[in-house]
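Residue numbers (the working numbering), protein chains in the order written: chain A, 395 to 716; chain B, 212 to 509.
Incorrect hints may appear among the rest.
As the list claims (entries may be wrong) - Residues of chain A placed beyond 10 Å of chain B at every Cβ, according to the derived structure:
#1 G415
#2 A424
#3 F454
#4 R513
#5 A543
#6 F563
#7 P571
#8 D572
#9 S619
#10 F621
#11 S685
#12 V691
#13 A699
Stated by the list, open to error - Just a few of them, taken from the derived set where beta-carbon distance is under 10 Å, the chain A residues facing chain B:
#14 V441
#15 T449
#16 L551
#17 V559
#18 T591
#19 L599
#20 Y626
#21 L629
#22 A678
To be verified - Computed footprint of chain B on chain A; a stretch qualifies when at least three of its residues, placed anywhere within it, have a C-beta under 8 Å from a C-beta of chain B:
#23 430-440
#24 480-489
#25 500-512
#26 527-534
#27 669-676
#28 700-711
Bear in mind the hints are in silico, worked out from the structure with no lab data behind them. Predicted model, so just to flag it, every value in this text is computed and none were measured. We put the CB at the ideal spot given by N, CA and C, even for glycine.
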Amino acid sequence: MPTQATDAPAPGPNGTAHTRGRAAVDRARARTRRAPLLPALLFLIVVTQLPFLATVVISFLRWNALAPQNRGPAGFDNYRAVFTDPALRSSVATTVLLTVTVVLVSLLLGLGLALLLDRRFRGRGIVRTLLITPFLIVPVASALIWKHALYNASYGLINGVLTWVWGLFGSDGPPQPDWLTRTPLAAVEVALIWQWTPFMMLILLAGLQSRPTDTVEAAQVDGASPFDIFRYLTLPHLRRYLELAALLGTIYVVQNFDAVFTITSGGLGTANLPYTLYQTFYQAHDYGLASAQGVVVLLASLLVATFALRTVSSLLREEGVR
Amino acid sequence: MSPSSRMRTLRTMRAMRRTATVPPRGRRRRSLLGLAAWLCGLFFFVPVAWMVLTSFHRETDTAANPPDLGAPLTLHGYREFFGAGGGASPWPPLINSLTASVVATLLVLTLAVPAAYALAVKPVRRWSDVLFFFLSTKMLPVVAGLLPLYLVAQKAGMLDNIWLLIILYASMNLPIAVWMMRSFLAEIPVEILEAAAIDGAGLPTTLLRIVAPLALPGIAATGLISFIFSWNELLFARVLTGVVAGTAPVFLTGFVTSQGLFLAKVCAAATVISLPVLAAGFAAQDKLVEGLSLGAVK
């Protein structure tokens, strides 16, 4: 009715009372829709995002807990220290090397195992369970086992097997290398590869099993060799899953602390960034420097995360999430 | 050729392949590949088997080189671990771990189920942005936020307090849980929820009476994965707790300071501490991939 329209408060640029009423209802509805989301969102922002903000602030301060009176703005000094200190630079290199090696090797092994498991054979379920087990050992426990029960030079299993094999051939002078001092980084890497291969395998196996079987069968009928099928059908289908596995693996392995801490205590060039950060903060008490290291780690992770998020979102689009 | 007759030809051709050309070489190849899979599985299992076997050996036998597989079995290592040798009792850290993991998991589920509902069932505007915000928090290294958390906890007198770990573990697992729950809740037929709405069910009723029972397997899997990650965590527990609230992984790192032979004891400790994770992992086996890939892979 026209009179009602004039009685109503001045309408917006192109809104009548009616549409504004609906907008209010919409807003109320949106609020009730949002309500269940807010607790989780707020909780997460407060607990995980505010600390990062604080880290950024502290990274510009001169602040060592051992010298509390000497505290003040530091400009970019901490960042200069991060990039000029050779120990820190080597920890950046170690992080990259460790992550790339562990992710690539476990990805390849995981792919091989996934292909082996993607066919029917007797006891497939048992083999799958055996292969998952390494991932279900508490990381600290598995690091301890690798260090003491496997790598130990005098009674570890690896050297024990060497003694046994050499003994088979009648030799009593088997090589007994001290793996932890001779190849410390490789020792950490092997333990991590053992732990992460099941993860890669699980994701790739899921990828293989989501592959449409009719195209493969059609290709078989057309006489395609198993290699051709792998190269032209399986691999393109797996690409997304390979990317996802690599990126998630990278995100987890970059942050690794347990293995480095337990197996080598960061010695002999195995200190990665998380371990170095832990040391700067927990042992050297240099809060400013530790925060600058934290920001560097944060930025690097952000870079990887961007790619990871893109891959995840394309996987989601593919499966047609509503 | 009509489609159906072509299908038939295809099927016969496939059947011919299976019976005529595949058998001798194909079957041998297949069983060889099965054997290879078995060997790989066993190879990957060796460290675990060795850990368990060593945990039942006497300390003097664990030092044998070459290894003595047939050494007599004993529970000595386990007795030592549980404090028979006069060491610190593992019970307080085990109970701390259990408390932190279980309470954090309950908190995660309480927050994640409604959030996932708002993202999957009745999506808010820009729900995918919110979803990706959740995911991005999981991708940033927790170690970078450690110092401010430590300082705040110190100010608030929360250091060495199990509740601090509970809050942090909940925040670490919340993104994974929201992602997993979103993909589980998206499978609930919309009609059921519409029917509930017509019958006048409010949000709490809908969540408790309809969503929760339907999504129970998914909630259980999400809970188990959150439990595993909380139980495994070392860095925060090591920095933020001490004698009172120390967890099992922290206890384990302080374990190897003793002199002399300790391998059986360490293996027993590693086995005991891994048991809850193994149990939870095998229980959640089918949903494990989904959880680890943050719900991106089914």
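Do the hints match the structure? See the list:
1. G415: The claim holds: G415(A) sits with its nearest Cβ about 20 Å from chain B, beyond 10 Å.
2. A424: violated (7 Å)
3. F454: holds (14 Å)
4. R513: Label violated. Min Cβ-Cβ 6 Å, cutoff 10 Å.
5. A543: Non-interface label on A543(A) violated, nearest chain B Cβ at 6 Å vs cutoff 10 Å.
6. F563: holds (13 Å)
7. P571: holds (13 Å)
8. D572: holds (13 Å)
9. S619: holds (13 Å)
10. F621: Non-interface label on F621(A) holds, nearest chain B Cβ at 13 Å vs cutoff 10 Å.
11. S685: violated (6 Å)
12. V691: violated (5 Å)
13. A699: Label violated. Min Cβ-Cβ 4 Å, cutoff 10 Å.
14. V441: holds (4 Å)
15. T449: Given a least distance of 6 Å, the restraint on T449(A) holds.
16. L551: With a closest approach of 5 Å, the L551(A) hint holds.
17. V559: holds (9 Å)
18. T591: holds (7 Å)
19. L599: holds (8 Å)
20. Y626: violated (19 Å)
21. L629: Given a least distance of 17 Å, the restraint on L629(A) is violated.
22. A678: Violated, about 12 Å.
23. 430-440: Satisfied; 7 residues make the cut.
24. 480-489: Answer violated; 0 residues pass the 8 Å Cβ test.
25. 500-512: Result for this restraint: holds, n = 4.
26. 527-534: holds (count 8)
27. 669-676: Per the Cβ count (4), the hint holds.
28. 700-711: Result for this restraint: holds, n = 6.
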